[in-house]
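Colleague: Each chain, written out:
Protein chains: 2
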Amino acid sequence: MKAFKIPEATVQRLSIYSRFLHQLMDEGEDTVSSGQIACGVGVSSAQVRKDLAYFGEFGTRGVGYKVDELYGYLMEILGLDHEWNVIIVGAGKLGSALALYQGFRERGFVVKAILDVADNKIGTKLGQLQVESLAELKNKVRDNDVHVGVVTVPAAEAQKVTDEMVEAGVKAILNFSPRVLKVPNEVVLRNVDLSVNLEVLSFNLVQNK
Amino acid sequence: MKAFKIPEATVQRLSIYSRFLHQLMDEGEDTVSSGQIACGVGVSSAQVRKDLAYFGEFGTRGVGYKVDELYGYLMEILGLDHEWNVIIVGAGKLGSALALYQGFRERGFVVKAILDVADNKIGTKLGQLQVESLAELKNKVRDNDVHVGVVTVPAAEAQKVTDEMVEAGVKAILNFSPRVLKVPNEVVLRNVDLSVNLEVLSFNLVQNK
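So the protein sequences, as listed, match chains A and B. Counting from -10, one number per residue, gives the positions in the first sequence under the numbering used here. Counting from -10, one number per residue, gives the positions in the second sequence under the numbering used here.
Only chain A is shown next, with the shape it has when bound in the complex (with noise of 0.2 Å):
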């Protein structure tokens, strides 16, 4: 994995932020406060400054951000301001699942396939996806130009799958799957553990006894 400068957990709120002042331009309003953001997701109006801080200076003292100004600016840091074509490699039920989550449609990721390699899945109906044959991973990466793979399948064929997926072109790989991967240098590489969230909560279960 590659290390940045940005922490990425900044890199998570600045997401956060953003989904905010999407829905404070659906509402309607023009200028934002630190605190107001603070306050829609969460965290310290502090933290909101320090996070903007890293890409220079936003907002007038006293008058605050304006929405739309903040809002074009942190799709842009993130990469959003334009799409990016998908390929789901697993069409089980999570796999199944992301190929129609709406939310990623919505944030300009747009899933172009969804491959497997059991005959009992590939023809299946997605949405307006078809899910195909693995063998096709080549040609659906090239074909429509994808940066982002997205591992849904067991653990035992992950590394195999990323292996292929990175032959193929892919840059960036988001894995779902419980096994700790490998990728070289200037491929990204995130993973997705579903469980590590509920640990999250029990961790702090635990300590609110």
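Any given hint could turn out to be false.
Identical copies go unnamed one by one, so any copy, or any two together, can satisfy a pair.
Restricting the straight-line Cα-Cα distance to at most 25 Å, the calculated cross-link-like pairs of lysine to aspartate or glutamate (DMTMM-like) are [what the hints assert, rightly or not]: (1) Lys160 / Asp15; (2) Lys39 / Asp132; (3) Lys82 / Asp108; (4) Lys149 / Asp15; (5) Lys127 / Glu16; (6) Lys82 / Asp57; (7) Lys171 / Glu153; (8) Lys110 / Asp19; (9) Lys114 / Glu16; (10) Lys171 / Glu156; (11) Lys55 / Asp134; (12) Lys149 / Glu72; (13) Lys160 / Glu146; (14) Lys39 / Glu(-3); (15) Lys149 / Glu95; (16) Lys160 / Asp70; (17) Lys82 / Glu95; (18) Lys127 / Asp19; (19) Lys171 / Asp15; (20) Lys127 / Asp152; (21) Lys149 / Glu16; (22) Lys101 / Asp182.
No lab work stands behind these hints, which were simulated from the structure alone.
On the provided structure of chain A, position chain B as indicated by the hints.
Modeller: Relative to the frame of chain A, chain B by itself:
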């Protein structure tokens, strides 16, 4: 949301360290250095030592950590030395995927029920479970000693379902809906927006250019 002294990023890494230690135990390893842990999970060894230092002194200089001891200790810190009963509300693709997700069970999270309001979903089999009516929420929480609720309903329903969970006695909520939710102070809330994961990738892709 409540504030805790241990950064959430640390808690997430402890969870990841514990998985890696479990792998080592399976492979018959007795001791491990912070460098090995670091290499195995893709962080710096200074980070590993810093994370573990939150919880006191571990390991012996030049020898490292005893794998089973450190594993046991991390599981205890994470509140994973016993089982947690979980209820899922929303039996769409994502809720169904989570109800069947093996990784939860492996880490001690036992899904006791999955509820929905849709007549065409109620009664559907999901592994050992059967989708039940949301009207059963209170009974299910009480009868199964449920601590954790998972929200996988559409955004428009999310706050209502959350309020019902809190009223039923759920102490921790994992929210997969794209809505910012409000909970009382004593309830632990964690939002999982699956798009955020893709956005961290796109941020990194843009920075790499």
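Colleague: Could you place lysine 160 and aspartate 15 in one of the four classes (within, between, both, neither) given a Cα distance threshold of 25 Å?
Modeller: For lysine 160 and aspartate 15, the Cα distance exceeds 25 Å both inside one copy (34 Å) and across copies (32 Å).
Colleague: Up to 25 Å between alpha-carbons, please classify lysine 149 paired with glutamate 72: within, between, both or neither.
Modeller: Neither way: lysine 149 and glutamate 72 sit 27 Å apart in one copy and 33 Å across, limit 25 Å.
Colleague: Up to 25 Å between alpha-carbons, please classify lysine 149 paired with aspartate 15: within, between, both or neither.
Modeller: between (44 Å within a copy, 21 Å between copies)
Colleague: When no copy is specified for lysine 127 and glutamate 16, does a C-alpha distance of 25 Å or less occur within a copy, between copies, both, or neither?
Modeller: The answer is neither: 44 Å in one copy and 35 Å across copies each exceed 25 Å.
Colleague: Checking an output row: lysine 149 and glutamate 95, CA cutoff 25 Å. Within, between, both or neither?
Modeller: Between copies only: 23 Å across chains, 30 Å inside a chain, cut-off 25 Å.
Colleague: I want to check one pair: lysine 114 and glutamate 16. Are their C-alpha atoms no more than 25 Å apart within a copy, between two copies, both, or neither?
Modeller: neither (36 Å within a copy, 41 Å between copies)
Colleague: With identical chains treated as interchangeable, where does the CA-CA distance between lysine 160 and aspartate 70 reach 25 Å or less: within a copy, between copies, both, or neither?
Modeller: Classified as within: same-chain Cα gap 18 Å, cross-chain 38 Å, threshold 25 Å.
Colleague: State whether the alpha carbon distance between lysine 110 and aspartate 19 is at most 25 Å within one copy, between copies, both, or neither.
Modeller: neither (48 Å within a copy, 42 Å between copies)
Colleague: As a check of your reading, is lysine 82 near aspartate 108 (CA-CA no more than 25 Å) within one copy, between copies, both or neither?
Modeller: Both, since 16 Å and 21 Å are each at most 25 Å.
Colleague: Quick one: lysine 171 to aspartate 15, C-alpha cut-off 25 Å, is that within a copy, between copies, both, or neither?
Modeller: between (42 Å within a copy, 20 Å between copies)
Colleague: Tell me, please, which holds for lysine 149 and glutamate 16 at an alpha-carbon limit of 25 Å: within, between, both or neither?
Modeller: between (47 Å within a copy, 21 Å between copies)
Colleague: With identical chains treated as interchangeable, where does the CA-CA distance between lysine 82 and aspartate 57 reach 25 Å or less: within a copy, between copies, both, or neither?
Modeller: Classified as neither; 37 Å inside a copy, 34 Å across copies.
Hint violations for this structure: numbers 1, 2, 5, 6, 8, 9, 11, 12 and 18, all remaining hints satisfied.
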